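Go ahead and model the full structure; you've got the sequences and the hints to work with.
One line per chain: the protein sequences are S and A, in this order. Following the numbering used here, the numbering of the first sequence begins with 1 at its first residue and continues without gaps. Following the numbering used here, the numbering of the second sequence begins with 1 at its first residue and continues without gaps.
In case anyone wonders, no lab produced these hints; they're calculated from the structure.
It does not matter which identical chain is meant; a pair holds if it fits inside one copy or across any two.
Cut-off 25 Å, straight-line C-alpha distance, at most; resulting in silico cross-link-like pairs (SDA-like, lysine to any residue): (1) K417 with R198; (2) K264 with A276; (3) K417 with S320; (4) K308 with L416; (5) K261 with L279; (6) K417 with D194; (7) K417 with D170; (8) K261 with S337; (9) K417 with E208; (10) K374 with S403; (11) K264 with F26; (12) K264 with L91; (13) K374 with R93.
Remember, predicted model here, so these are calculated numbers, not experimental data.
There are 2 protein chains.
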Amino acid sequence: MTVLLDRPIVPSPASALVCRNCGAQFPLGAQHACFECFGPLEIGYDPAALARVTREEIEAGPHSLWRYAGLLPVGQDPSTRVDSGTGMTPLIRADRLADELGFTAPVWIKDDSANPTHSFKDRVVSVAITAARELGFERIACASTGNLANSVAAHAARVGMPSIVFIPADLEPAKIVQTAIYGGTLVGVEGSYDDVNRLCSELAETDEFESTGFVNVNVRPYYAEGSKTLGFEVAEQLGWRTPAQVVAPMASGSLLTKVLKSFKELIAAGLVPTAADGLPVMFGAQSAGCSPIATAFANGWDEVRPVKPTGIAKSLNIGSPADGPYALDAVRTTGGSMAAVDDDEIRAGIRLLARTTGVFAETAGGVTVAVLRKLAEAGEIDTSRETVVYNTGEGLKTIDAVSEGAVPTAIIPPTLKGMREAGLL
Amino acid sequence: MTVLLDRPIVPSPASALVCRNCGAQFPLGAQHACFECFGPLEIGYDPAALARVTREEIEAGPHSLWRYAGLLPVGQDPSTRVDSGTGMTPLIRADRLADELGFTAPVWIKDDSANPTHSFKDRVVSVAITAARELGFERIACASTGNLANSVAAHAARVGMPSIVFIPADLEPAKIVQTAIYGGTLVGVEGSYDDVNRLCSELAETDEFESTGFVNVNVRPYYAEGSKTLGFEVAEQLGWRTPAQVVAPMASGSLLTKVLKSFKELIAAGLVPTAADGLPVMFGAQSAGCSPIATAFANGWDEVRPVKPTGIAKSLNIGSPADGPYALDAVRTTGGSMAAVDDDEIRAGIRLLARTTGVFAETAGGVTVAVLRKLAEAGEIDTSRETVVYNTGEGLKTIDAVSEGAVPTAIIPPTLKGMREAGLL
Chain S
1 MTVLLDRPIV
11 PSPASALVCR
21 NCGAQFPLGA
31 QHACFECFGP
41 LEIGYDPAAL
51 ARVTREEIEA
61 GPHSLWRYAG
71 LLPVGQDPST
81 RVDSGTGMTP
91 LIRADRLADE
101 LGFTAPVWIK
111 DDSANPTHSF
121 KDRVVSVAIT
131 AARELGFERI
141 ACASTGNLAN
151 SVAAHAARVG
161 MPSIVFIPAD
171 LEPAKIVQTA
181 IYGGTLVGVE
191 GSYDDVNRLC
201 SELAETDEFE
211 STGFVNVNVR
221 PYYAEGSKTL
231 GFEVAEQLGW
241 RTPAQVVAPM
251 ASGSLLTKVL
261 KSFKELIAAG
271 LVPTAADGLP
281 VMFGAQSAGC
291 SPIATAFANG
301 WDEVRPVKPT
311 GIAKSLNIGS
321 PADGPYALDA
331 VRTTGGSMAA
341 VDDDEIRAGI
351 RLLARTTGVF
361 AETAGGVTVA
371 VLRKLAEAGE
381 IDTSRETVVY
391 NTGEGLKTID
401 AVSEGAVPTA
411 IIPPTLKGMR
421 EAGLL
Chain A
1 MTVLLDRPIV
11 PSPASALVCR
21 NCGAQFPLGA
31 QHACFECFGP
41 LEIGYDPAAL
51 ARVTREEIEA
61 GPHSLWRYAG
71 LLPVGQDPST
81 RVDSGTGMTP
91 LIRADRLADE
101 LGFTAPVWIK
111 DDSANPTHSF
121 KDRVVSVAIT
131 AARELGFERI
141 ACASTGNLAN
151 SVAAHAARVG
161 MPSIVFIPAD
171 LEPAKIVQTA
181 IYGGTLVGVE
191 GSYDDVNRLC
201 SELAETDEFE
211 STGFVNVNVR
221 PYYAEGSKTL
231 GFEVAEQLGW
241 RTPAQVVAPM
251 ASGSLLTKVL
261 KSFKELIAAG
271 LVPTAADGLP
281 VMFGAQSAGC
291 SPIATAFANG
301 WDEVRPVKPT
311 GIAKSLNIGS
321 PADGPYALDA
331 VRTTGGSMAA
341 VDDDEIRAGI
351 RLLARTTGVF
361 AETAGGVTVA
371 VLRKLAEAGE
381 IDTSRETVVY
391 NTGEGLKTID
401 AVSEGAVPTA
411 IIPPTLKGMR
421 EAGLL
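Okay, here's the thing in structure tokens:
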């Protein structure tokens with residue numbers, strides 16, 4: 001049977017798995033650690049293939065992250081893509097937020113709560129499940145702090161693939177319900193996310209899980225590339241240029257690292273010009289309850305010392321962050337900074353963003369906005385330079401965090417007299 | 001100062017306010033009832049202006065409902081639009097749902113949980129606030145069963161306009177928090193939605209509310225037009241044609257009525273061909289706890305007798321539906337049907353949709369899917385004809401409805417032994 005595609009078949013620009021530690025190269029496949037030094041692997045590309053991608057091709061593509069397929073390791077053939085409409089989320093100019101924080105340059109919110117399961121995880125899952133199917137896996141799995149669980153379970157239901165999702169048993173109830181509703185296997189693990197992650201690494205080595213793709217274990221090099229689309233979209237939405245400053249939340253540290261990588265790739269491919277003032281300056285946000293990367297930054301350490309996470313920003317609660325050293329490097333080499341904020345500051349950050357922009361963020365978004373405020377007040381971020389702030393998730397998922405005090409202004413009987421007595425008329 | 005727009009200025013195709021009862025015409029403005037017969041008013045258009053709109057213009061427009069500005073009463077000048085990225089939500093081909101329900105033709109889910117505040121209300125609010133600003137109102141208000149409250153408060157925060165939102169005091173907690181978080185005035189009214197609506201109609205006549213636009217009272221003719229984009233998008237997403245059958249939820253009855261109107265306008269404007277088998281057949285969905293329109297349909301009544309709403313589908317709980325007679329007419333003239341489903345069927349509908357498509361709907365979406373199933377089982381909908389089903393809201397907003405039983409498959413210690421003892425390895 002001849003399959004007719006709406007564009008010519010493009011070979012993948014990915015060329016190898018490359019060790020981020022020692023540089024050793026391996027063939028593309030379901031491998032995540034270097035056989036030489038056990039360092040983490042990432043996708044390496046053929047620079048000539050990336051350089052062939054044009055703005056026009058991207059703009060003529062679908063209104064989803066798959067418009068950037070030419071810069072991703074999988075999905076070049078549209079029929080192979082898991083496309084749930086993820087990506088191309090709004091970039092919102094937040095003038096009222098900028099005013100309150102004393103910015104004289106534009107502040108933009110990249111609002112990833114607009115994705116299908118309302119977090120940025122839909123990006124990495126779209127790429128990971130597409131890769132898992134290409135690699136021949138029959139079941140999909142993940143270790144998750146909640147948002148990834150939602151996304152994996154939903155996408156598995158969408159494409160009719162069995163799933164098994166592992167979460168800390170003490171997750172927010174909304175995140176448990178939103179994962180269980182899709183009908184896959186959901187395993188609550190008594191322990192922290194780091195315990196869940198260790199268990200998944202062990203399971204991925206067992207015979208019973210041989211045909212199971214763990215999106216953030218043995219498919220991780222592909223999975224992580226999905227985060228690059230957060231940077232690609234911002235550059236395209238700004239009219240094919242990079243912003244001066246970026247504030248991003250840090251859990252494993254992967255997102256921040258990949259956003260910077262995405263800007264570098266766009267410049268290398270000739271899709272955006274090198275800005276006169278160089279690469280975007282990267283700023284990292286953590287909660288005080290789990291700030292191993294920000295603590296290392298503050299102390300000038302090269303290594304990240306594991307912590308036991310606490311606090312309301314559960315989606316960021318990774319005490320042993322795999323990409324911490326790379327996030328440190330990204331922030332240091334671009335001249336940025338990091339900060340951590342406590343639970344009260346996080347709640348205030350959620351309310352500040354909602355009140356000034358109409359965006360209701362989950363606790364991770366509260367962390368990022370609160371860190372933006374803290375950096376601005378401390379003079380550590382330049383308020384005269386254009387800044388992009390990533391909101392990675394939806395307030396409805398962590399609604400308990402802000403429900404105290406979020407009540408009606410008044411409760412009245414259904415009469416004009418009631419309005420008058422409440423002082424509203 | 002010269003303002004440069006990216007397209008030529010297009011005059012509004014709207015020509016008058018027209019009484020849906022007696023046909024009397026009035027100049028465009030903030031009026032919602034006929035001075036002659038007190039009938040409801042809707043927007044009338046200049047047919048020649050609608051006929052000038054082309055597919056190419058629409059396709060070159062923004063990826064939001066404003067691509068259809070040429071078919072709407074306001075927003076022709078892009079700088080006047082309240083554009084939060086609402087619209088162009090996914091149309092998902094639900095093959096696994098179709099299989100389970102015995103459909104041999106495609107079933108599509110139009111998923112409006114993808115809007116910024118995760119319900120179709122963002123459509124009517126985008127149009128209503130744009131109109132309210134054009135009409136000179138300084139504050140925005142609404143009566144709401146919850147989703148409209150969320151959307152009005154969020155959009156008001158986005159554009160920096162004061163808001164006052166009226167809700168039944170017993171709403172779902174998540175909907176109260178998600179409205180309060182935006183910082184506007186929120187009034188809980190002791191009574192049903194119908195009581196809240198009556199109070200707002202009274203308030204709109206007071207001097208104190210003279211400069212307040214109630215989106216679904218004195219701005220209602222504009223507001224209601226926003227729902228047409230639900231039909232416009234489906235036709236464009238299907239490749240500029242109408243579906244054979246449509247299943248839509250009914251609260252006031254406006255949505256279903258406007259979707260049919262949108263298909264008629266597309267045909268009249270020459271944007272889609274008249275299908276060989278005529279207009280789409282319309283099917284209406286209500287919950288058993290509030291089924292005044294479906295009851296009138298079942299009994300062959302022309303009038304809709306008000307009821308006192310009960311049941312979990314609170315966003316559909318309008319006991320005295322303003323557009324009920326028009327919804328009856330739309331369903332009868334197209335040869336469709338209506339049905340109502342109880343709370344257990346609604347919960348099963350939510351789970352069925354999630355499990356087969358990866359879409360987590362609120363109770364209103366559960367109603368619509370459960371009615372689809374009921375109509376299919378009863379042979380009242382043609383399972384050999386292509387069918388579009390509207391999901392109007394997000395499961396996270398009514399999560400309590402399905403939290404019972406939505407728990408992990410197993411809770412285990414973080415060890416392989418734990419996996420084995422749970423029978424998972």
